[in-house]
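**Student:** Each chain, written out:
There are 4 protein chains.
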Amino acid sequence: MKDNIDLIKLIQQNFAKLSKGQKLIAEYIMENYDRAAFMTAAKLGEKVGVSESTVVRFADTLGYDGYRDLQNELQEVIKNKLTTVQRISLVDNCSSKENLFEKVFKKDMSNINKTVDEIDFDVFQDAVDKILNSEKVYILGLRSSSFLAGYLGFYLNFIIENVTVVTAGPNDIFEQLFKVTDKDVVIGISYPRYSTRTLDALNYVKEKGCKVIGITDSLISPAARISDITLLASSNMVSFVDSLVAPMSLINALVIAIGMKKGDDITKYFKDLEDIWKKHSVYNFTNKQNENIRNK
Amino acid sequence: MKDNIDLIKLIQQNFAKLSKGQKLIAEYIMENYDRAAFMTAAKLGEKVGVSESTVVRFADTLGYDGYRDLQNELQEVIKNKLTTVQRISLVDNCSSKENLFEKVFKKDMSNINKTVDEIDFDVFQDAVDKILNSEKVYILGLRSSSFLAGYLGFYLNFIIENVTVVTAGPNDIFEQLFKVTDKDVVIGISYPRYSTRTLDALNYVKEKGCKVIGITDSLISPAARISDITLLASSNMVSFVDSLVAPMSLINALVIAIGMKKGDDITKYFKDLEDIWKKHSVYNFTNKQNENIRNK
Amino acid sequence: MKDNIDLIKLIQQNFAKLSKGQKLIAEYIMENYDRAAFMTAAKLGEKVGVSESTVVRFADTLGYDGYRDLQNELQEVIKNKLTTVQRISLVDNCSSKENLFEKVFKKDMSNINKTVDEIDFDVFQDAVDKILNSEKVYILGLRSSSFLAGYLGFYLNFIIENVTVVTAGPNDIFEQLFKVTDKDVVIGISYPRYSTRTLDALNYVKEKGCKVIGITDSLISPAARISDITLLASSNMVSFVDSLVAPMSLINALVIAIGMKKGDDITKYFKDLEDIWKKHSVYNFTNKQNENIRNK
Amino acid sequence: MKDNIDLIKLIQQNFAKLSKGQKLIAEYIMENYDRAAFMTAAKLGEKVGVSESTVVRFADTLGYDGYRDLQNELQEVIKNKLTTVQRISLVDNCSSKENLFEKVFKKDMSNINKTVDEIDFDVFQDAVDKILNSEKVYILGLRSSSFLAGYLGFYLNFIIENVTVVTAGPNDIFEQLFKVTDKDVVIGISYPRYSTRTLDALNYVKEKGCKVIGITDSLISPAARISDITLLASSNMVSFVDSLVAPMSLINALVIAIGMKKGDDITKYFKDLEDIWKKHSVYNFTNKQNENIRNK
Numbered sequence: 001m002k003d004n005i006d007l008i009k010l011i012q013q014n015f016a017k018l019s020k021g022q023k024l025i026a027e028y029i030m031e032n033y034d035r036a037a038f039m040t041a042a043k044l045g046e047k048v049g050v051s052e053s054t055v056v057r058f059a060d061t062l063g064y065d066g067y068r069d070l071q072n073e074l075q076e077v078i079k080n081k082l083t084t085v086q087r088i089s090l091v092d093n094c095s096s097k098e099n100l101f102e103k104v105f106k107k108d109m110s111n112i113n114k115t116v117d118e119i120d121f122d123v124f125q126d127a128v129d130k131i132l133n134s135e136k137v138y139i140l141g142l143r144s145s146s147f148l149a150g151y152l153g154f155y156l157n158f159i160i161e162n163v164t165v166v167t168a169g170p171n172d173i174f175e176q177l178f179k180v181t182d183k184d185v186v187i188g189i190s191y192p193r194y195s196t197r198t199l200d201a202l203n204y205v206k207e208k209g210c211k212v213i214g215i216t217d218s219l220i221s222p223a224a225r226i227s228d229i230t231l232l233a234s235s236n237m238v239s240f241v242d243s244l245v246a247p248m249s250l251i252n253a254l255v256i257a258i259g260m261k262k263g264d265d266i267t268k269y270f271k272d273l274e275d276i277w278k279k280h281s282v283y284n285f286t287n288k289q290n291e292n293i294r295n296k
Numbered sequence: 001m002k003d004n005i006d007l008i009k010l011i012q013q014n015f016a017k018l019s020k021g022q023k024l025i026a027e028y029i030m031e032n033y034d035r036a037a038f039m040t041a042a043k044l045g046e047k048v049g050v051s052e053s054t055v056v057r058f059a060d061t062l063g064y065d066g067y068r069d070l071q072n073e074l075q076e077v078i079k080n081k082l083t084t085v086q087r088i089s090l091v092d093n094c095s096s097k098e099n100l101f102e103k104v105f106k107k108d109m110s111n112i113n114k115t116v117d118e119i120d121f122d123v124f125q126d127a128v129d130k131i132l133n134s135e136k137v138y139i140l141g142l143r144s145s146s147f148l149a150g151y152l153g154f155y156l157n158f159i160i161e162n163v164t165v166v167t168a169g170p171n172d173i174f175e176q177l178f179k180v181t182d183k184d185v186v187i188g189i190s191y192p193r194y195s196t197r198t199l200d201a202l203n204y205v206k207e208k209g210c211k212v213i214g215i216t217d218s219l220i221s222p223a224a225r226i227s228d229i230t231l232l233a234s235s236n237m238v239s240f241v242d243s244l245v246a247p248m249s250l251i252n253a254l255v256i257a258i259g260m261k262k263g264d265d266i267t268k269y270f271k272d273l274e275d276i277w278k279k280h281s282v283y284n285f286t287n288k289q290n291e292n293i294r295n296k
Numbered sequence: 001m002k003d004n005i006d007l008i009k010l011i012q013q014n015f016a017k018l019s020k021g022q023k024l025i026a027e028y029i030m031e032n033y034d035r036a037a038f039m040t041a042a043k044l045g046e047k048v049g050v051s052e053s054t055v056v057r058f059a060d061t062l063g064y065d066g067y068r069d070l071q072n073e074l075q076e077v078i079k080n081k082l083t084t085v086q087r088i089s090l091v092d093n094c095s096s097k098e099n100l101f102e103k104v105f106k107k108d109m110s111n112i113n114k115t116v117d118e119i120d121f122d123v124f125q126d127a128v129d130k131i132l133n134s135e136k137v138y139i140l141g142l143r144s145s146s147f148l149a150g151y152l153g154f155y156l157n158f159i160i161e162n163v164t165v166v167t168a169g170p171n172d173i174f175e176q177l178f179k180v181t182d183k184d185v186v187i188g189i190s191y192p193r194y195s196t197r198t199l200d201a202l203n204y205v206k207e208k209g210c211k212v213i214g215i216t217d218s219l220i221s222p223a224a225r226i227s228d229i230t231l232l233a234s235s236n237m238v239s240f241v242d243s244l245v246a247p248m249s250l251i252n253a254l255v256i257a258i259g260m261k262k263g264d265d266i267t268k269y270f271k272d273l274e275d276i277w278k279k280h281s282v283y284n285f286t287n288k289q290n291e292n293i294r295n296k
Numbered sequence: 001m002k003d004n005i006d007l008i009k010l011i012q013q014n015f016a017k018l019s020k021g022q023k024l025i026a027e028y029i030m031e032n033y034d035r036a037a038f039m040t041a042a043k044l045g046e047k048v049g050v051s052e053s054t055v056v057r058f059a060d061t062l063g064y065d066g067y068r069d070l071q072n073e074l075q076e077v078i079k080n081k082l083t084t085v086q087r088i089s090l091v092d093n094c095s096s097k098e099n100l101f102e103k104v105f106k107k108d109m110s111n112i113n114k115t116v117d118e119i120d121f122d123v124f125q126d127a128v129d130k131i132l133n134s135e136k137v138y139i140l141g142l143r144s145s146s147f148l149a150g151y152l153g154f155y156l157n158f159i160i161e162n163v164t165v166v167t168a169g170p171n172d173i174f175e176q177l178f179k180v181t182d183k184d185v186v187i188g189i190s191y192p193r194y195s196t197r198t199l200d201a202l203n204y205v206k207e208k209g210c211k212v213i214g215i216t217d218s219l220i221s222p223a224a225r226i227s228d229i230t231l232l233a234s235s236n237m238v239s240f241v242d243s244l245v246a247p248m249s250l251i252n253a254l255v256i257a258i259g260m261k262k263g264d265d266i267t268k269y270f271k272d273l274e275d276i277w278k279k280h281s282v283y284n285f286t287n288k289q290n291e292n293i294r295n296k
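Protein chains in written order, with full-length UniProt numbering: chain A, 1 to 296; chain B, 1 to 296; chain C, 1 to 296; chain D, 1 to 296.
If you're looking for bench data, these hints aren't it; they were derived computationally from the structure. Values in this document were obtained by computation on a predicted structure and should not be read as measured data. Mixed in with the good hints there might be a few duds.
[As the list claims (entries may be wrong)] Computed cross-link-like contacts, BS3-like style, restricted to lysine-lysine with a CA-CA straight-line distance of at most 30 angstroms:
#: 1; chain 1: B; residue 1: K103; chain 2: B; residue 2: K136
#: 2; chain 1: A; residue 1: K183; chain 2: D; residue 2: K262
#: 3; chain 1: A; residue 1: K208; chain 2: D; residue 2: K183
#: 4; chain 1: B; residue 1: K278; chain 2: A; residue 2: K206
#: 5; chain 1: A; residue 1: K262; chain 2: A; residue 2: K130
#: 6; chain 1: C; residue 1: K179; chain 2: B; residue 2: K183
#: 7; chain 1: D; residue 1: K130; chain 2: A; residue 2: K179
#: 8; chain 1: D; residue 1: K179; chain 2: A; residue 2: K130
#: 9; chain 1: B; residue 1: K279; chain 2: A; residue 2: K206
#: 10; chain 1: D; residue 1: K136; chain 2: A; residue 2: K278
#: 11; chain 1: A; residue 1: K261; chain 2: B; residue 2: K261
#: 12; chain 1: A; residue 1: K107; chain 2: B; residue 2: K268
#: 13; chain 1: C; residue 1: K103; chain 2: C; residue 2: K130
#: 14; chain 1: D; residue 1: K279; chain 2: C; residue 2: K279
#: 15; chain 1: A; residue 1: K271; chain 2: B; residue 2: K47
#: 16; chain 1: D; residue 1: K136; chain 2: A; residue 2: K271
#: 17; chain 1: A; residue 1: K179; chain 2: D; residue 2: K136
#: 18; chain 1: A; residue 1: K130; chain 2: A; residue 2: K20
With the hints as extra help, turn the sequences into a complete structure.
**Tutor:** Below, the structure written as structure tokens:
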């Protein structure tokens with residue numbers, strides 16, 4: 001993918017050398033990119049009155065690996081700008097309700113798949129080491145990302161010291177972060193439509209010399225630009241919901257990788273926890289349950 | 001799958017008619033079911049000194065569709081009983097770290113896939129209707145499930161009235177639920193190792209005549225037995241982490257399905273919200289961002 | 001008290017008719033009101049080179065009931081403007097540490113006393129009725145006031161239906177309030193230094209026709225101006241802490257008054273709750289404790 | 001006060017040497033201590049058919065400084081045992097609603113007064129030093145005490161490092177405390193009807209060698225017996241509400257005392273915070289407000 005290239009600029013720079021039909025496509029995209037991003041090559045061609053193959057060649061001319069590649073970038077660029085209302089109307093127009101249902105799940109699976117494919121193991125391992133070697137670990141997430149931040153904190157608290165989840169509360173997030181130093185790391189979770197305050201807070205800790213690990217959806221997301229290390233997992237925007245399924249899968253992998261590095265400590269921790277859970281009946285030990293089954 | 005059959009009891013009932021080799025397998029499983037559940041047919045055979053095909057026939061004899069089917073049930077039955085320490089040791093013994101990483105993602109994808117395959121559209125639609133037609137909707141989740149409960153509440157709050165997320169807080173969960181009536185619905189999210197208090201609370205509201213929609217991992221989970229409607233999505237237990245990826249995907253589908261039924265109201269709601277978000281700069285509108293890209 | 005009069009403007013209007021010594025006082029106050037507000041008449045006189053009695057007459061001339069009355073107003077006007085740093089320096093200069101300690105408690109008691117003296121029973125009763133007759137009751141408090149909001153919600157939840165505490169969380173406070181109607185009431189708790197967002201949110205619900213009950217520190221506070229009903233309880237600002245003791249006392253009275261109006265329902269509710277608490281060992285029943293005492 | 005003596009046992013031991021009239025009182029108290037604790041000497045005398053002075057002498061015989069002293073102890077001993085329902089009925093019988101209102105405030109003031117009178121400055125200073133010299137400070141409070149814990153944490157977070165508020169949440173309180181060491185301090189806030197889990201958790205950290213500072217209502221409270229340092233502030237139980245006004249006043253004093261010891265650091269911290277608050281419009285700066293007043 002051509003992450004750091006601006007599609008619109010690319011079109012403008014190459015406009016002169018485009019064919020007459022390609023120019024029609026270019027003009028349409030620049031004026032209606034919100035819609036073009038979700039059209040097939042055939043439909044886009046139909047819309048501007050050219051053949052599907054002209055659309056495909058248009059993508060080639062701009063240097064993309066096919067129309068799908070161009071379309072992906074278009075989606076990437078615009079998604080932060082689409083309001084929720086626009087997104088709802090896209091769903092209403094494009095999908096039967098039956099299809100929509102499966103689409104949600106299929107999209108979630110393909111996002112996890114993409115996450116595995118795109119992951120850079122060295123970068124991932126770098127994040128693991130940074131977390132293990134920091135004095136304090138802050139996990140920042142607001143709005144729907146606050147649940148991922150809480151989930152990550154829930155597990156990290158079992159296995160490492162000095163973990164703080166930073167989210168909306170009585171103390172402002174800036175107050176919660178105002179003692180970070182260059183020995184700490186902040187894990188910032190930021191998904192479209194990127195929360196302004198998350199970005200402000202990441203910039204704030206960056207100025208204090210603190211390392212930032214971003215968990216976000218693309219290298220061109222505003223969070224990625226602030227981060228020292230970026231871990232990518234796509235989100236799935238269908239209608240008014242931003243599915244955070246792939247990011248959750250990434251967080252699982254992160255927690256397990258950190259746990260593995262801690263080795264036998266982990267077993268010891270969980271032995272102690274197991275005693276606590278047993279003593280305070282935290283979990284349902286299924287003896288009675290199984291008896292019920294057997295005697296049914 | 002034979003959801004409501006108890007494997008151990010099945011073995012006992014059929015013990016007499018088993019071959020000599022099959023009896024060895026049966027005895028091994030009853031004594032070591034924690035380990036047997038994660039062995040291949042070949043390995044299990046090796047362990048008890050019989051051929052792989054004997055193991056496969058053993059599964060057939062008990063009425064399973066192959067050894068994998070028997071193994072799945074074995075895993076289902078035991079997972080609630082395996083302590084976290086046992087689960088960590090399973091991972092340590094079975095997986096190279098490289099594989100583990102991919103295994104997490106692959107397992108998450110296969111769980112989503114299983115969720116789609118197993119979903120009963122009528123049951124799902126029934127849950128949607130029950131939620132839309134209740135006076136109040138309570139969403140109950142504790143421990144790691146509290147993040148799913150919060151996530152579901154985050155979105156339902158936008159689109160329906162009288163949604164309350166019930167989770168650990170100053171008021172006990174029983175206090176938070178003590179005014180439920182038979183006109184309300186409680187959505188209970190319960191995953192292994194099933195929180196005792198979640199189950200107690202679901203029984204408590206059930207006695208009050210309240211309908212219960214369970215989001216859980218199997219029809220034999222303790223939550224499923226309490227629920228009027230059960231929505232299934234598997235969890236992914238690797239080491240000390242319970243991945244809640246497939247349940248999150250299910251929750252997305254649920255939210256969208258409810259939203260679709262609300263029709264134009266949704267568009268109106270989000271138009272109002274869009275005004276609020278703009279006025280209070282909740283989201284990062286990317287004008288500056290894009291300018292930066294263009295001028296880089 | 002002369003709540004709605006601006007001291008500074010008053011001085012300017014009366015400047016011409018002041019004596020020479022009084023003019024020195026007037027000029028000092030206008031330039032140093034942050035400090036003057038915390039000086040005794042004697043010290044203020046000393047500072048500008050006039051006698052204590054000149055300072056007292058200065059207050060009379062402006063129409064105050066003595067210097068203390070003028071000083072109170074000065075404190076009221078400025079308190080919202082004093083930054084925390086200024087407040088810390090005031091404490092450092094004015095108080096021995098020993099005195100400070102007692103000052104905190106004495107100030108808290110005098111604030112409660114002032115709350116009882118100033119309370120208008122009709123207004124108070126009006127608030128009680130409004131809360132009992134609303135469809136939904138929202139309790140809004142941010143920052144240190146969020147603990148009062150939570151505390152009020154903790155108890156109201158036992159005795160009335162449809163109580164929601166609105167405070168910083170995954171959903172923005174505007175989103176939490178965006179379904180209020182003119183049948184609902186919002187109780188807004190707002191103390192110096194008044195949170196901007198609380199005020200914005202109260203204005204927001206006011207536009208929607210919702211009744212606002214303000215719990216705040218003075219009739220000239222920004223929250224009082226938005227409120228339909230204002231309940232007053234002073235806060236106690238010493239150094240960097242805003243004591244919310246008197247407001248908590250007011251909230252207790254409010255909860256009990258609402259409870260009394262519910263009559264026998266309350267007894268029934270708490271009988272049910274008592275069963276829950278007993279069943280789930282919420283409270284420490286002191287049998288063992290007393291045995292210990294007896295056997296010591 | 002005779003803190004560690006059990007009244008009931010005392011009566012039993014002295015029963016033989018009591019006069020005939022005193023024996024009637026003794027029997028009544030042992031059978032009806034819930035009610036006797038709230039009767040005047042005159043009323044108690046009337047109830048059992050003896051004179052008021054017989055009741056007073058009864059108290060003397062047992063070694064109390066007057067009937068009031070005996071009554072106080074009776075109240076102390078029983079308060080943990082009175083259910084909320086019993087407390088509501090006490091209020092219904094004893095108070096007109098008008099009186100009740102003032103009684104709440106007056107009781108709050110007298111509790112603060114009692115707190116000042118009873119405070120041991122050396123113990124208080126010891127608590128301050130322990131908090132300042134610990135590696136980590138945990139603040140534990142559940143149910144209504146969770147708001148005090150949050151309030152204390154809100155301010156301590158500004159001025160010292162490594163402060164964690166421990167209260168009901170996704171992670172169990174034992175999990176939140178399971179890494180405490182003997183270098184840490186846990187501040188436990190525990191008020192009647194003492195939460196079982198708070199006491200369990202304080203015992204748990206005590207076993208780990210961690211120092212415990214208890215904020216509670218009496219030296220015979222179960223929390224006091226676990227604490228290394230006990231800070232006393234009475235609570236005010238009227239009807240179903242436990243007023244935590246005096247404890248809040250104590251917490252203010254504690255925060256300010258800690259702040260004073262930090263000296264210039266505090267000024268620096270708040271200068272930085274002031275910048276943050278200004279930049280993010282956290283507080284309402286009253287320019288517009290004052291203009292409104294002037295132009296009214």
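**Student:** If a hint holds in the structure, say so; if it does not, say that too.
**Tutor:** Now the hints, each set against the structure:
Proposed proximity of K103 of chain B and K136 of chain B is contradicted: the alpha carbons are some 40 angstroms apart, above 30 angstroms. Distance hint between K183 of chain A and K262 of chain D is fulfilled; the C-alpha atoms sit about 23 angstroms from each other, no more than 30 angstroms. For the hint linking K208 of chain A to K183 of chain D, the alpha-carbon distance of about 29 angstroms falls within 30 angstroms, and the restraint holds. Distance hint between K278 of chain B and K206 of chain A is fulfilled; the C-alpha atoms sit about 26 angstroms from each other, no more than 30 angstroms.
The straight-line distance between the Cα atoms of K262 of chain A and K130 of chain A is roughly 14 angstroms, inside the 30 angstroms bound, and the hint therefore holds. With a CA separation close to 21 angstroms, the supplied pair K179 of chain C and K183 of chain B stays within the 30 angstroms bound. Among the hinted pairs, K130 of chain D with K179 of chain A is consistent with the structure: their alpha-carbon atoms are about 21 angstroms apart, no more than 30 angstroms. Under the criterion of a C-alpha separation no larger than 30 angstroms, the hint pairing K179 of chain D with K130 of chain A is consistent with the structure, at around 21 angstroms.
Restraint check for K279 of chain B and K206 of chain A: satisfied, since their Cα atoms lie roughly 27 angstroms apart, inside the 30 angstroms limit. At most 30 angstroms may separate the alpha-carbon atoms for a hinted pair to count; K136 of chain D and K278 of chain A meet this at roughly 27 angstroms. At roughly 48 angstroms between alpha-carbon atoms, K261 of chain A and K261 of chain B are farther apart than 30 angstroms, so this suggested pair is violated. Straight-line distance between C-alpha atoms of K107 of chain A and K268 of chain B comes to about 26 angstroms, which keeps the hinted pair within the 30 angstroms bound.
Simply put, K103 of chain C and K130 of chain C have alpha-carbon atoms about 37 angstroms apart, too far for the 30 angstroms limit, and the pair is violated. Only pairs whose Cα atoms come within 30 angstroms are accepted, and K279 of chain D paired with K279 of chain C is rejected, the gap being roughly 51 angstroms. Of the supplied pair hints, the one linking K271 of chain A and K47 of chain B holds, its CA atoms being roughly 28 angstroms apart against a limit of 30 angstroms. Between K136 of chain D and K271 of chain A the CA atoms are separated by roughly 24 angstroms; this keeps the pair inside 30 angstroms, and the hint holds.
For the hint pairing K179 of chain A with K136 of chain D, the CA-to-CA distance comes to about 15 angstroms; that is within 30 angstroms, so the pair holds. Simply put, K130 of chain A and K20 of chain A have alpha-carbon atoms about 53 angstroms apart, too far for the 30 angstroms limit, and the pair is violated.
Hint violations for this structure: numbers 1, 11, 13, 14 and 18, all remaining hints satisfied.
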